[in-house]
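J.: Sequence:
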Amino acid sequence: MQDYLEGLNPAQKEAVLNTEGPSLVIAGAGSGKTRVLTMRIAHLLTKGVAPYRILALTFTNKAAREMKGRISAIVGEGIARHLWMGTFHAIFSKILRIESKKLGYPSSYTIYDTQDSKNLIKSIVKNMKLDSKLYKPGEVLSRISGAKNDLITPQAYRNDTKRMDADRFSRKPLVHEIYARYVNECRKSGVMDFDDLLLNTNILFRDHPDVLEKYQDQFDYILVDEYQDTNLSQYLIVKKLAERHKNVCVVGDDAQSIYSFRGAKIENILSFRNDYPDYKLFKLEQNYRSTKNIVNAANSIIHRNSNQIHKTVFSEKEEGNRIRIFSAYSDVEEGIIVANDIFETQMRSQAAYEDFAILYRTNAQSRIMEEALRKKNMPYKIYGGFSFYQRKEIKDLLAYFRLVVNPNDDEALKRIINYPARGIGKTTMDKIELFAGNTGRSLWAILTNPALNNIGFNSGTIKKLKAFTEMILGFGQLLNKLPAYDIAVKIAEGSGMRKFFQTDTSIEGQSKLENVEELLNGIKEFSDERSEEGKEYNLVDFLEEVSLLTDQDTDKDEDKNKVTLMTIHSAKGLEFKYVYVVGVEDGLFPSPMAMESQKGLEEERRLFYVAVTRAKEQVSISYAKQRYKYGELSFSKPSRFIGEIDQQYLEIKGDALPGFGQKRSARPNSFRTRNSISSSPSKPSFNYKKISKGQATSNSTDFSGTAAGRLKEGMLVLHERFGRGKVLNVTGEAPNAKATVLFDNAGQKQLLLKFAKLKILN
DNA sequence: CTCCTATAGCTTTTT
DNA sequence: GCTATAGGAG
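Every number in our numbering is 5 more than the matching position in the first sequence, counting from 1.
None of these hints come from the bench; they were simulated from the model. Given the structure is predicted, the values throughout are model-derived calculations rather than measurements. Incorrect hints may have been included.
[Said to hold, decoys possible] With a straight-line cut-off of 27 Å between C-alpha atoms, the simulated DSS-like cross-links for lysine-lysine are: (1) K565 to K380; (2) K138 to K634; (3) K193 to K52; (4) K127 to K193; (5) K621 to K634; (6) K316 to K251.
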């Protein structure tokens, strides 16, 4: 039993064994953070602490599941099962369901996802007759979300001059009013959004000291993973719960704080010592994941940030390869370069596809990478973007479940009252919504009110509405009689959804049917698993689990041994032998949204740090000189972040960083950020080796500005990469003149003459 | 009321 | 390039 401590280094061992009192574990990238957390919990359990007295909070369901698995392996599944381990949202939604009555919510409250929230905001904006161009649902929601995470109620919002000024400044002075109505709507519908799960937990603990005490008592030990990414709401929950026993252990890395956009406060980790003056500090600085080159390069990046806890991350592994910088002519070519390189590396090193990851800043970049891989017949899996649970047919069926569980769930009702079509159209719904708005009731309350006949519907409409409500009520009758799976099947059948897809013989229709069947199978699996564990498994429980799932969490067997494509955000906590960071261009990464402020830029830099530190053996960074944005061609420069890496760790491929090698002395700082701090321990030396592919870049072939005017339709030209081709047409004015060229070997390309190095042959 | 087509507007990052 | 919406015909 004691052997679980073996193989830990002294710092790790300290962090595992010092279980009493407040602890701050600063864990550098790849330093075995998860290992310390699991061992610490396993250690507590072996010492005889009851599992239900341990609360372990993670950021993803996946992290929780993995940790639970590892702990199970040490102490046995029967014990690990009773740990309170999960995401903040999952754990506290469970507690809220138990205590919901105290807050005036039904215990069958349902959860709005981001889309539901946006839809609700949209209809509020419409009701208030505000300009929907100005009050964009996404923007309003992020204001509301920000307020909730700071525990600001609508009333407090009105008195908050900073927020009100900001809204006035962005010409949206009525956000506070939308917020107030939004809160009312949610309450009358008996729903909570993601932020409510945390906010209401705070309210619960504030207004019901007895409840707080109960949980304070229960949780002898509290552990928080990724503490640098907690927001104020989460921070306060932890603080309150830990007040009694003070056995709180937070683990994190300020250098990897990348979620401030959703309210995360890096200060939480920076000021832990102020909250718990008698805290113990453990620093995990040895990186076991990556080679020296990768760790050193990453350090040279992160050291440019100002606000951080000092630490020296080091590696004792071999030197390893340098970080490679690839320059691509276009976004499509970038994809091809990466796909080719993965193919070659995989052949040469006998590596598996699952050893490779392609990381990008925005989900929109995935498609091009996907196409490049598909062309080479390489297996891949994409995380993010369209997840299973975001497909329309799945959301629709889930909306039925929600409505059956909680008929006041207005967004669920609106979603499916006419799906499949049953002749209840917009006009009818507008009337009902107006009536509901005026009376402060939910849509369902109007529909089931005998006074429905007085609103002025014809008898046909009334009949249709009655049929609908009776159907839902019928399902509701089964709720306490049948297990989740059986009800789900009955709903899929009775709602007409199954039939709807069965009669749709198109390929899409068939795949939708398959998805519906897969969801039903999922419910079966869920029920079986839960009943084995002796836990609840009715439809409410399934809905709760599903509402808090992300597609990160749906790891299927058929997804084994595939190249992984994901955003850098979702890659946090993961590792791969070979990592390709693509689209590393100014205006994409760092994102233009973040480029204005030092704070924003530092967060982007941390994100870049996270990207680089995912790799065990090789990091490849690439950028494209031109790419399509919103379907328009646009031009980009390599990201400033590339220039920020200490050049001694780089290997420049091809013509990457043009104008940087030869003309270096003229503008040595062109890649350095304005905000780079002078105390940087790594003095960037610019004498990197330029590794040319042998093809000399001719200086007489440069097309720029007016020279483009000489190019005419029908001319034969030579391109340094694509070879010989024929000009099909020339459009636009310098400096944005474009030519379409049909190359003998590379096919048809659109070239921007400002960039393309073309030589006229005839 | 339903379905189809045209077009506006859009992208950070996610529990 | 893609999706969500508006507007028009049936």
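J.: Going straight from one Cα to the other, do K565 and K380 come out at no more than 27 Å?
T.: 20 Å, holds
J.: Tell me if the straight-line CA distance from K316 to K251 falls inside 27 Å.
T.: 26 Å, holds
J.: Is K127 close enough to K193, meaning Cα to Cα at most 27 Å?
T.: Holds, at roughly 17 Å.
J.: With a cut-off of 27 Å on the C-alpha distance, tell me whether K193 and K52 pass.
T.: 47 Å, violated
J.: For the pair we were handed, K138 and K634, check the Cα-Cα distance against 27 Å.
T.: Roughly 22 Å separates the two Cα atoms, so the pair holds.
J.: Going straight from one Cα to the other, do K621 and K634 come out at no more than 27 Å?
T.: 32 Å, violated
Going down the numbered hints, you'll see the structure goes against 3, 5, while the others check out.
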